[in-house]
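Heads up: the protein sequence lines correspond to chains A and B, in order.
Going by this note's numbering, the first sequence opens with residue 120, and the numbers climb by one from there.
Going by this note's numbering, the second sequence opens with residue 9, and the numbers climb by one from there.
Source of the hints: derived by calculation from the structure; they are not laboratory data.
All of these numbers come straight from a predicted model, not from anything done at the bench.
Note that the Cβ used here is the ideal one computed from N, Cα and C, for glycine as well.
Be careful, since some hints might not be right.
[Said to hold, decoys possible] Pulled from the structure, derived: some chain A residues nowhere near chain B, Cβ distances all over 12 Å:
id	residue
1	Thr141
2	Met157
3	Cys227
[What the hints assert, rightly or not] Under 8 Å between C-beta atoms, here's a sample of chain A residues computed to sit facing chain B:
id	residue
4	Val325
5	Ala326
6	Gly330
7	Ala331
8	Val340
9	Leu342
10	Pro343
[Claimed, not checked] The calculated label-pair distances, taken between Cβ atoms and stated as ranges, are:
id	chain 1	residue 1	chain 2	residue 2	range
11	A	Thr419	B	Ser181	42 to 52 Å
12	B	Gly29	A	Lys126	44 to 54 Å
13	A	Thr419	B	Asn81	46 to 56 Å
14	A	Leu138	B	Ser88	27 to 37 Å
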Amino acid sequence: MSKNKPKSIRQARTQWDGLFWTTMSVFGVFYLALIIAMLVADFQFANWSDMSSLLADERVRFSIWLSLISCTIAAILSLWVAIPTGFLLARLGSESMTQRLGQQSPGCRRLFNWARYFIDTLLDIPIVLPPLVVGISLLVLFQTPAGRWLDQRTGELFASLGYTGIRGITYEIPAVILAQFTVAAAFAVRTMRNTFEQIDDRPERVALTLGASHYQAFSMVALPQAWRGIVAAFTLAWARSLGEFGPILIFAGTARMKTEVLSTTVYLNFQFGNLRGAVSASLILVTLAIVVLILTRLLTLGGSSKKGVIV
Amino acid sequence: MSKQAPLLVVNDLGHMFSNRGQKVHVFEKCSFEIAPTQFVAVQGASGSGKTTLLLACGGMLAPSSGEIRFQGNDLFTLPSSRRTKIRAVSIGYLFQTLELVPYLDLTANVRIATGVSSSVANQWLDRLGLGDRCRSYPRELSHGQRQRVALARAIAHEPALVIADEPTGNLDSRNSELVFNVLKKYAQDGGSVLMATHEAQPAAFADFVINIENLDLLKAKVR
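Next comes chain A alone, as it looks inside the complex (with noise of 0.2 Å):
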């Protein structure tokens, strides 16, 4: 058809789309540009004498260590908790149960979805929260009887496993965790919820009626498909701890040697005038940022939109 239109009409036509994807272009590569403008910037003022004099500083890998190890055990309690309330989520908001529930009374569906709202609410607040808010709460909430009983409870397990350093939760190692934990769990919640909603639940649904129960449905048919998901929800969360720091430094304070993380030993050298410092510690962040997201990209490379479809 497009054959039979008078030349002028496919000129015009092309000159317009050529308008509309070089200005939707311009905003993207402007964001872009900033990016990359900024990591050159920073590997232009650091040069290798300054990362090797940070690398070579006891402290300073001792918070590279902690960093590594706080970073992904917050990260697998985060996908602990992400991957049964995200399939929660997802399933109590699908179609079919709210078809279920409108067939019992319209009212008992807008109770339920009403909860589900407040629900998904209160699990957004760590995100929207300023993090010294964040750090803050759990100080207070460590100063309650409760979050002292178990202060003193996870001082007395940590002495019994020999680790008489560790002397409870709060400016402890734990409170490092806890605190990046937080933060992350609430993105790993929320990147679980969008996986398990996109992913059909009818093969769910199929094996239900064939005999799976509930357990089996999951850990057969919907967790294989959200296994991409869970790798980048892992990710998030991972690359959300490293990145954490106002929680960090009122919960857990800027202990050298005992609770500095990378993030910390950012500020702590930027706050003594050591700048380069400051850029070094921070290149090593970016490297380590990139360096994960690299490695999701690859191990979630080949998604296919069409996963869900049953044959």
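Knowing the structure of chain A, use the given hints to seat chain B on it.
Same frame as chain A, now just chain B:
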């Protein structure tokens, strides 16, 4: 007719739906019984209601009228959890749309059925000529092969009743015969089979045939 207590009793079953304000009767006054070891075929033209009848017998579609008793229980007066349990344990269903899970291999697909181990799943796949494809995925098979996987899944947990909706729909004559023989053997070994088919001569392998387009005749013949 067998003297044994019937496994499935369908009594005055009718189903209708509304289409643009008009009531459409899929079938009416459908009555028959299936005893253990019986192989029953449902015959009828496309759109005559074979799948609807089978879904109702499988406890997955509430009929508009009549009752379905399975092992003495009125399926649609039971709580849905009880009905689900009966269906899961005692009924094997081969859907016309197969409903295989695309990202699970054949063994895992068959294992979805209640209490089926990997070795049992593989045995059934082997009996249906797919022994060398257990680790394959549904997308790697032809439609006919997928139909056999769906049959293995419907039969592997050895239910009292296997309901198969057009299990030979896309099979060549050799594979159709293989499927019929498996179902026939299953019925001879104590199970019952209710199968929708488009085959011209279902009486050749079935104990009796329900012609869904001529239900009055069926009632006179069966009861």
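Here's how the hints hold up against the structure:
1. Non-interface status of Thr141(A) relative to chain B is upheld: no Cβ of that chain comes within 12 Å, the nearest being about 40 Å off.
2. No beta-carbon of chain B comes within 12 Å of the beta-carbon of Met157(A); the shortest separation is about 40 Å.
3. Remark: the non-interface label on Cys227(A) is consistent with the geometry, its nearest Cβ contact in chain B lying 16 Å away (cut-off 12 Å).
4. Annotation: Val325(A) was flagged as interfacial toward chain B, and the flag holds, the nearest CB pair being 4 Å apart, inside 8 Å.
5. Annotation: Ala326(A) was flagged as interfacial toward chain B, and the flag holds, the nearest CB pair being 5 Å apart, inside 8 Å.
6. With 8 Å as the threshold, the beta carbon of Gly330(A) comes within range of chain B, its nearest partner Cβ sitting at about 3 Å, so the hint holds.
7. At a threshold of 8 Å, the smallest CB-CB gap from Ala331(A) to chain B is about 5 Å, leaving the interface hint in force.
8. With a cut of 8 Å, the hint placing Val340(A) at the interface with chain B holds, because the nearest CB-to-CB distance is about 6 Å.
9. A least Cβ separation of about 11 Å between Leu342(A) and chain B goes past the 8 Å threshold, and the interface hint is therefore violated.
10. With its C-beta approaching chain B no nearer than about 6 Å, Pro343(A) sits inside the 8 Å limit, and its interface hint holds.
11. Separation of Thr419(A) from Ser181(B) is about 45 Å and conforms to the stated range, judged on CB atoms against 42 to 52 Å.
12. Distance hint for Gly29(B) and Lys126(A): a CB-CB separation of about 52 Å, consistent with the stated range 44 to 54 Å.
13. Range check, Thr419(A) to Asn81(B): Cβ separation about 48 Å, and the 46 to 56 Å hint holds.
14. The hinted window of 27 to 37 Å between Leu138(A) and Ser88(B) is violated, with their beta carbons roughly 58 Å apart.
Hints 9, 14, counting from the list given before, are not met by this structure.
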